[in-house]
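Residue numbers are given in the numbering used here: position 297 of the sequence shown equals residue 297, and the series is strictly consecutive.
Calculated directly from the structure, the hints in this document are not laboratory data.
Don't take each hint at face value.
Below, in silico cross-link-like pairs of lysine-lysine (DSSO-like), each with a Cα-Cα straight-line distance of 27 Å or less [unchecked claim]:
no. : residue 1 : residue 2
1   : K614      : K164
2   : K164      : K281
3   : K596      : K540
4   : K463      : K281
5   : K164      : K573
6   : K293      : K463
7   : K293      : K470
8   : K470      : K540
9   : K596      : K470
10  : K596      : K268
11  : K540      : K392
12  : K274      : K293
13  : K164      : K268
14  : K573      : K614
15  : K540      : K164
16  : K470      : K614
17  : K614      : K596
18  : K274      : K463
19  : K392      : K614
20  : K470      : K392
In this text, all values refer to a predicted model and were calculated from it rather than measured experimentally.
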Amino acid sequence: MRGSHPHSGHSSALQSLTRYSAIVALIILLIVGSHFLLEESLNALLESVTTLEHGVLASGLIFLGLTFDVVLPIPSSVLSIWAVISQGFITGFLVIWAGMCAGCILGYGLGASANKTLLRRFFAKHDIDAAHLAAQRYGSSALLFTRAIPVLAEASVVTAGLTKMPLRTFLPITMLSNAGIAFAYASVGSWANHYASFGLAFAASISLPIVALASYRFVQWLTAPKAQKTSHIEQTENQLNPRFNIDFSYPLCFTRHAFQPANSTLIKQLCRGKSTGATVKVQFFIDQGVLDKQPLLDAQIRQYCAVHNIDWHNTLHTVPASEAAKTHTQIERMHSLMLEAELDRQSYVIAIGGGGVLDAVGYAAATFHRGIRLIRMPTTVLAQNDAGVGVKNGINSVGIKNLLGCFAVPHAIINDAVFLDSLADRDFRSGFAEAIKVALIRDANFYHWIYANREALVQRESKASAHLIKRCAELHLNQICNGGDPFEMGSARPLDYGHWSAHKLESLTSHALSHGEAVAIGMALDALYAVEVGLLEQDKAEHIIFLIRSLGFDVWHPSLHWNTEQGESALLKGLEEFRQHLGGQLCITLLTGFGKTLEANHIDQQALLRARNKLQNFFQASAKTVDNSAA
């Protein structure tokens, strides 16, 4: 059999177009039929409505109908047309706009209350999911072009409440989009009124939502990835091209004392997706440094597993802390232990530790039996707000950080704040660097919050620390979920701001510099480079460096001046290694302001070296100031 036409991938779009064309044709038949069959009686009804003495009451009823359309099956488009032809253009416009805005506020409140029982009474799960998907793909702008779409209009405002969209964003968007919809109905209603045809008005009330839905479907098709535009299997004469999409999701849980028997956070995630009463087989790998600081943890885990009937072979396997875990030797050892425990693809590996241990255990789990389920329990600020919340795993090889690795979505992540209590100050503040980074590239308000709360963070105040961790994790996950490239197939790495030099500094110092300390230096260097090439104002760069230093980081290390055996700058060598890591094309995220960035494909090496020298001068001047103050 010969293959189908190469362009058969567009068949779904053609089918949609045909379906909507048939609907439009049906509407035209309704219009024609109304003139011959119903026009006289409908016009009489219209005349009786428009001559009602109680116009305020009619407007009030229309307003209430539009308000409660968000939760009740009320024909809002018919009400909108009725408002115009019975109240006139201006009054009709105002009634429609006010009613729709009130409905949006009601839907937002319903979503923000998060009463799932109440939600299920009014909305199907797939409607809420569709609104979530639109919000993830198009952001807040999804509200603009879903307000006129049946069902999705209501679900989208409920979703805005569910996701806690700020009211300062929600209200202007919905008020603006509702004004556009009200104007459309007012215009169509006036046009129908001009021809004294209630039949035209009725047909228009049906056709407008259908046109909006057709437009939305077209935008969906137009902006969808190529894999979604084509059929599942494209077929040409000599080639099959299978395509499929998979939805990934995983919970990030925040708790305290996760291993107290009364705390159900862990057992809920272990039982998620399993039938009631099914045996849960688990293997624990724990950071040796964590166990040294919390010697009672072994007994706590034993008690928890006994209470909840978890099959774990009564063995807690330790892993060397930090980068020492990320070696071939450790991965082979983990694979051997997994094999001895007879783990299969329905089993779980639980990794407890800092970012390095999570990276290594995640890589071992992802490569054993082509991947078994992983639950991460990060134990440092850096791991809880950055390294442990994403989908990357990796180990070091031939002297290069994370040369080997993979992307694997974890089954769940559990952030237990108790683990942070035993951290040394140096390890605790290491995570601040990633918070500054993601704030600089994604959220200026969060950056200013960090600046305003820098003293509280240094003092390790629990409320400030918890907010920093949660907001930082949220921004990282937003980039992963909504950035369009969760598995980093492209060249852009916005989450790696300040990291190209940080990776090199870690390697040069044999990891004497922690990841957070290296990132702090890398951000300071890139901020001054942005000043050198005219992208960032000098006072903003100094503001960033001041914040970094005030949180306890140094912004200089002698390795920035080291050379390779060939006499080349090791720093510039790190730039070339980062280019290779990206896949051939250099792409460096640079600041143009707080929360504003651009991707640079070329770095002026001389300007970079000048920035390095200025960073050294800045550090030396600051050190002299501190010495003089001490004297």
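These are the hints, each one checked on the structure:
Of the supplied pair hints, the one linking K614 and K164 is violated, its CA atoms being roughly 43 Å apart against a limit of 27 Å. About 37 Å separates the Cα atoms of K164 and K281, which puts this hinted pair outside 27 Å; it is violated. As the CA atoms of K596 and K540 are separated by approximately 12 Å, the hinted pair is consistent with the 27 Å bound. A threshold of 27 Å between alpha carbons decides the hint, and for K463 with K281 the separation of about 36 Å lies outside it, so the pair is violated.
A C-alpha spacing of about 45 Å is found between K164 and K573, which places the hinted pair above 27 Å, so the restraint is violated. About 23 Å separates the Cα atoms of K293 and K463, which keeps this hinted pair within 27 Å; it holds. At most 27 Å may separate the alpha-carbon atoms for a hinted pair to count; K293 and K470 meet this at roughly 24 Å. Restraint check: the Cα-Cα separation between K470 and K540 comes to about 25 Å, which is no more than 27 Å; the hinted pair holds.
For the suggested pair K596 and K470, the alpha carbons sit about 21 Å apart, so the restraint of at most 27 Å is met. This hinted pair does not check out: K596 and K268 have alpha carbons roughly 40 Å apart, beyond 27 Å. Annotation: proposed proximity of K540 to K392 is violated, straight-line Cα distance about 32 Å (limit 27 Å). This hinted pair does not check out: K274 and K293 have alpha carbons roughly 34 Å apart, beyond 27 Å.
Annotation: proposed proximity of K164 to K268 holds, straight-line Cα distance about 25 Å (limit 27 Å). Restraint check for K573 and K614: satisfied, since their Cα atoms lie roughly 20 Å apart, inside the 27 Å limit. Distance restraint check for K540 and K164: the Cα-Cα separation of roughly 31 Å exceeds the 27 Å cut-off, and the hinted pair is therefore not satisfied. Restraint check: the Cα-Cα separation between K470 and K614 comes to about 34 Å, which exceeds 27 Å; the hinted pair is violated.
A distance of roughly 23 Å separates the Cα atoms of K614 and K596; the hinted pair therefore holds under the 27 Å criterion. For the given pair, K274 sits about 36 Å from K463 by alpha-carbon distance, which is inconsistent with the 27 Å threshold. Taking the CA atoms of K392 and K614, the gap is near 34 Å; set against the 27 Å cutoff, the hint is violated. A hinted pair counts as satisfied when its Cα atoms are at most 27 Å apart, and K470 with K392 qualifies at roughly 19 Å.
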